[in-house]
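Q: So the protein sequences, as listed, match chains S and H.
Read in my numbering, the first sequence has 594 at position 594, and its numbers run on one by one without any break.
Read in my numbering, the second sequence has 156 at position 156, and its numbers run on one by one without any break.
Keep in mind the hints are simulated off the structure, nothing from the lab.
Predicted model, so just to flag it, every value in this text is computed and none were measured.
Treat the hints with care, since some could be wrong.
Said to hold, decoys possible - With beta-carbon atoms standing in for the labels, derived distance ranges: (1) H:Asp170 / S:Leu700: 34 to 44 angstroms; (2) S:Trp422 / H:Thr206: 13 to 23 angstroms; (3) H:Gly174 / S:Lys704: 34 to 44 angstroms.
Idealized CB from N, CA, C, for every residue including glycine.
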Amino acid sequence: MHNNNRNNRANANKKLKDEENKKQKQANNKSNKKAEKGNKKDKRKKGKSSSSSSDSSNSEDSLSEGELAKVLEEVEEKKKLVAILRTKAWRMKRKLVTLKESQAFIEKFEGALGKGKGRRFYAYKVMMTKKWIKFKRDFENFKTSCIPWEMKIKEIESHFGSSVASYFIFLRWLYGINLILFSLTFGLVVIPEVLMGLQYGSIPRKTVPRKEQPTAMDFSVLWEFGGYIKYSALFYGYYNNERMIGVFKYRLPLSYFMVGVGSFGYSLMVVIRTMTRNARESGVDGDDGDFNFSWKMFTSWDYLIGNPETADNKFASITTSFKESIVDEEENQKDENVHLRRFLIVLANFLIFCCLAGSGYLIFYVVKKSQKYSALETLTWYQKNEIDIVMALLGMFVPPLFETIATLENYHPRIALKWQLWRMFALFLGNLYTFLLALIDQVNAQLAEEESIKNKTLAMMNSYNSTNSTSERIPAIDPADFPRGPCWETGVGLEFTKLTVSDILVTYGSILVGDFLRALFVRFINYCWCWDLEYGFPSYTEFDISGNVLGLIFNQGMIWMGTFYSPGLIGINILRLLTSMYFQCWAVMCCNVPQSRVFKASGSNNFYMSLLLLILFLSLLPVVYTVMTFTPSFDCGPFSGKAKMFEVIMETIQYDFPAFIGELFGYASNPGLILPGILLMVLAIYYLNATSKTYEAANLELKKKMQMLRDEQKNRRNNKNTVNPMLQDLEDLLPNNANVSKLELVKDEKVIQERNKKGTNQVVVEKQPTVTNGVTKTNGKHGKEMALVPPPPRMVVTKPPNPRQASHLLGQPRSGTPGSGPRRPPPGQPRH
Amino acid sequence: MQCSVFTVTILESPLKYFGIWNKYNLQVFTREQLKKHGRLDIILFFVLKDCTVFTRKEILRLYHRYRALAPQIVPRHFNDSADIKLPLELISEVPELKENPFHQKILQVFSEDEQENMTFNDFLNMFSVLSDLTPHHLKAYYAFKIYDFNSDNFICQSDLEVMLSKLTGDELSGEEVQLVCTKVMEEGDLDGDGKLSLADFEYMITRAPDFMSTFHIRI
């Protein structure tokens, strides 16, 4: 019907181009065909009972070549429609109707065109993708369930924020490291010694001295790691210096040394590798903050959640994450008095420096005093433990003081945490170093003592030798009665173990008293108190991230330092980490409240890691120093009898390796080779540093460019929007909304155009490829939408046209006078 | 409704339709299966399978879930379920929906009639949209409809406020809510009209890393 209209109009104008005529013919043909098809459909509907094969033969008879191709296209189109039907955002009813229609169509015509083999493959493919997706998800779930304590940490994170969770993640990571160190130490040193070495009581170093035997099983002695514990495989002194033990000829001294070196090497490697990985990860997804809040808003709820408890956790975690982002955002918007702020920062730093100096002096004083005590014979409990107590007290009271002072600075909580960590690190470092100095004093004293005892022993042995015959020398003296040196290595190990244990006790005690009892008090006394305890003065405690992280880091430093002299220490540490994981998780959930300003932890835990690396390096120093400089005790430990501990390596090379390796080793340790090696490394570091800086700069540049591009895009969109109303105003100025430039506007032509507007739309409809006809027929509403696809404009357009403009432009030449040249704007001419 | 008409036409000569099945070759049915589910529902499965992303098994499983909501109303067999409607309160007993803070709006979006009822087809459609095989744009479209609380085809300030209060349970203060809403608008509103259109929303949500995994219910 529309076609007829258009024909009339075209005839009236008689200025259509040849192409259009052609198109029109095609359209006419097609409409005819449509009618035919309709007829066919009717026929089919009537004769449905006839078999499909006869149908197909019928249609084949009646269809010509071109028509067949068209039908094929249509069938394909329908099939495609069916295939993507599930991805359409339609109502179920509409889907069903469409499906029914297109299926009927396919059913009718497919017979003519062969079977739909693709469907089977498609169904198979869909099934496989489904299975694959399911498998992937299950695998992910499995992986998550394999990570220990993941659910616990997630729960804490949802209530307390990522900063508190970062502590627990760090704890878990440390636990993993310690587990490996533990298996190294116990598997290669302790267990071989226990299984294959000499039994307890066989030689002096493996026996409790006669003097200590009456009290060796007393609890007070054992609690101090004296008595039987001191002379057990948990400490350095127990190990024998026999080069090979057992039937396997296990080289225990070598293994002891290598495990000591290896655990440091492994720790260094792991810390550095984790740091680089974290840095890489945070570099990759560092800032996609374009839609930070939007994503939190629209994608944070997980539709899978069907468990009330999980849902509660999710609500809490969403709220927490919003709060974190809000804190960050507020920080970005903050501006205030710079001078006052600077003054306060300087003041705070000065106060903190005073505190640090004071506590350093206190420790120094206490160490001095305790050295005086050591001259005394009887010591009270307080005198014995004075250093521990002072250090524990300092650790308890100075950090809160720092925190109070740090409020002066008014930093963002994340930055404040970093500062707090550094300051406490300095405090603990002072403690640690005074402790180490005291320890070295003690070692020196013991070395001197040992020298005299060694002489005495040798003299005694000599006298014994001279009096007795050489044959029955050893069994004559019981191992317990044998005179022995103080064994400074065991002494060092004992100090570290005691310190670790007292640290554990202080930590747990402070959690019990400071958190749990306080929470109980606040919770239950609140019923009968004159002010609100929960929101008033004592309140519940917040989780102290900085203190806990530093406690963990320093504890780890102790372990690294002490393990060489006390292999059992690492086992104690494993127990400590394990219990503290459960205990602290419980304590956090039970008696702490989230911080008032929940803040987001930095993307990686690299700050903790760098502190850990520092402490690892610092704890490496004293161990290497003692190994390299001090002579090992003459009568205890795996290296007894050697001038230096590392001689065990030389010994192995000398006896167990072929000669040329020893030579090689000799060359390699030549300063002439080492110095160039160091030089080369320095050069490499310099080069790598330079390149990484270049990359960083390039990265920054790229980021800037991306930001610029984004802004530009946004601006352009905005501009379009601001321009559009302007254009509309312009259009409004023109009568009848015509979008033809003012200069060439002829009134009568415009009237014609107005009249023909409807016609143009239809022309466009028919210009669509014939394939779409099936679709437009099945869902009539969509016919119009299809028409909006703009064909290439024929005129030079200086403004990006929106679809409506395009259709107008298209309509113009047809309705107007295409032959008359001057009416068109010359190319490139501005149109307004 | 259309569905039931379809089944009726098939009822007239069911044998003829075996031809269709063989042609599509989607599934070969054993006699036991036919006995168990009846012939009609198998035909229905064809229809539903093409309208959703589910397989026959999954449709059946969903049907059992649907039936479990009201065992006395919904018949045991799948065949004549097209006329059954369940009120939305019943539908929201599905655990995933029950915990979802937006469940009312979700059900509204997916239910086709105004009397707050939901047919099995709608139910199926809902789970199809929320399944993980559904393409991005479809999910984005429905998410937009869900989050458009006042149904004005734009997500505006008031929608965001409603959403935030549902998500955080009124834990945020008024200023914080305002801050969040302005930030969301700032980020998402590309054409500067003070509200998020579907295009804005889609642009934003297709870039979200975990939209596909969170806007998803397993059946």
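Q: Hints first: check each against the structure and report whether it holds.
A: Taking the hints in turn, this is what the structure says about them:
1. Taking the beta carbon of each, aspartate 170 of chain H and leucine 700 of chain S are about 42 angstroms apart, inside 34 to 44 angstroms as hinted.
2. Against the hinted window of 13 to 23 angstroms, the Cβ-Cβ separation of tryptophan 422 of chain S and threonine 206 of chain H comes to about 42 angstroms, which falls outside the hint.
3. At about 36 angstroms, the CB distance of glycine 174 of chain H to lysine 704 of chain S agrees with the hint of 34 to 44 angstroms.
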